[in-house]
Structure formats: C-alpha cells, structure tokens
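J.: Chain by chain, the residues:
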Amino acid sequence: GQQVMQIPQYQHVQEGEDFTTYCNSSTTLSNIQWYKQRPGGHPVFLIQLVKSGEVKKQKRLTFQFGEAKKNSSLHITATQTTDVGTYFCAGNTGGFKTIFGAGTRLFVKA
Amino acid sequence: SQTIHQWPATLVQPVGSPLSLECTVEGTSNPNLYWYRQAAGRGLQLLFYSVGIGQISSEVPQNLSASRPQDRQFILSSKKLLLSDSGFYLCAWEQGANSPLHFGNGTRLTVT
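So the sequence lines, in the order shown, correspond to chains A and B.
Taking this note's numbering, the leading residue of the first sequence gets 31, the next gets one more, and so forth.
Taking this note's numbering, the leading residue of the second sequence gets 412, the next gets one more, and so forth.
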C-alpha cells in the first residue's frame with residue numbers, strides 16, 4: 031500500500047539554526063500537506079502543495095514539492111523556541127485517504 | 412465558522428470494557444470524517460473514514476468499529492478493549508477529498 035516516509039525522526043537544534051525535514055512517497059501524490067503538532071496538542075494544518083516543483087513560503091518556513099510529486103521538504107530558517115513540535119507531511123493520491131508520515135520531532139535549545 | 416468537538420479528552424478504561432468516543436462537526440455539511448490513532452511519540456495511523464451517512468471504510472482490521480449515524484457525527488467504538496488500544500485518538504474532517512484536514516483536540520485513552 032501507499033507509504034509516506036519522513037526523516038529524520040528527531041532533530042535537536044540550537045535556537046537560530048536552520049532545520050529541514052524530508053518526506054518521500056512510494057507513489058506519485060496528487061498533493062502533499064504539512065501539519066504541525068505542538069507537544070500535547072493536535073495536528074494543525076500548515077500548507078498544501080499541489081503542483082510539481084511548487085515552492086511556498088510562510089515567513090521563515092519554506093515548503094517544496096518535488097518535480098516527480100513523490101517528495102517534499104520543509105525548511106525552517108533561524109529556528110525559534112516557538113517552532114518546537116512535531117512536523118508531519120501527509121500525502122494523498124487523489125482518493126479519500128490522507129496518509130501521514132511518521133513525523134519529525136523538533137527540539138530547539140535556547 | 413466550522414468547529415469540531417471531540418470528547419472525552421482523557422479516558423482510563425480497564426481491559427475488556429467497552430468504548431465509545433464521539434466527534435461532531437459544526438458549521439458545514441457532508442464533510443468527510445476520519446478517525447486516526449497516534450501511539451506515544453509516533454505518527455498518525457488511519458483507522459476509519461466516512462464520506463457520507465452510514466458509510467464507513469476501515470483501514471485496519473481490529474476490535475474497533477466506527478459509525479456515522481448523522482451527517483456531522485462520527486463515533487468510534489469497541490466492545491472489548493485491549494491493552495494495545497491505548498493511544499491518542501483524533502477525529503478529523505475535510506470538506507471534499509484532498510482538502511486540508513481539521514483535527515479535534517483528541518482523546519487520550521489508557522487501557523489498564
């Protein structure tokens with residue numbers, strides 16, 4: 031079945047350092063979504079990418095969708111303590127099932 | 412605006428007891444509804460989804476079941492809980508396929 035792999039599992043950074051998480055799908059995706067889950071909370075939608083090669087920015091966050099629509103990345107520039115949490119990618123092949131990656135848990139040391 | 416309600420927030424149940432978790436959505440009609448489970452420190456496992464009243468698709472064969480008795484109501488049930496059923500249960504809705512998912516606050520279930 032469809033799988034979405036996400037690396038790394040954990041990332042410890044010093045405040046001010048950059049952070050990147052990567053997502054790979056075993057099948058071509060119709061879109062990819064990114065979510066953030068704060069410790070103890072529920073996942074919150076960040077962004078959706080649909081087009082091949084698409085790049086979107088939200089302040090210090092940059093999201094990319096690969097040309098083959100099988101991979102994606104989230105890059106955070108100059109991390110802050112408020113960025114702490116788990117970042118999930120989630121892929122959809124056009125049906126009703128959104129499959130989540132295992133998530134990357136970000137720790138930021140002040 | 413749309414809101415999603417999920418309850419209870421926490422639940423401690425003995426092995427072999429029944430389970431009923433409820434989720435309701437307000438401010439929209441005919442949403443797609445989902446139940447996910449998250450083990451501690453892990454990703455989200457899709458359990459069930461529904462695209463309409465009475466329609467349920469199961470992703471993981473186990474002792475859980477789901478029902479959608481009304482358009483904006485989604486219920487997760489079990490007749491007899493197992494220790495392995497412990498986890499964080501999340502209900503979510505979307506307006507149409509491939510749309511962003513909106514999650515409820517979740518239920519932390521501990522089976523003892």
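Hint data in this document are derived by calculation from the structure and do not stem from the laboratory.
Careful: at least some of the hints might be erroneous.
[Unchecked claim] Simulated pairs of lysine-lysine, DSSO-like, Cα-Cα distance not exceeding 30 Å:
| # | chain 1 | residue 1 | chain 2 | residue 2 |
| --- | --- | --- | --- | --- |
| 1 | A | LYS87 | A | LYS66 |
| 2 | A | LYS100 | A | LYS66 |
| 3 | A | LYS86 | B | LYS490 |
| 4 | A | LYS89 | A | LYS66 |
| 5 | A | LYS127 | B | LYS491 |
| 6 | A | LYS81 | A | LYS139 |
What you are looking at is a predicted structure, and each value in this text was computed from that prediction instead of being measured.
J.: Starting from the hint list further up, note which numbers the structure goes against and sort them upward.
T.: Numbers 3 and 6, in rising order.
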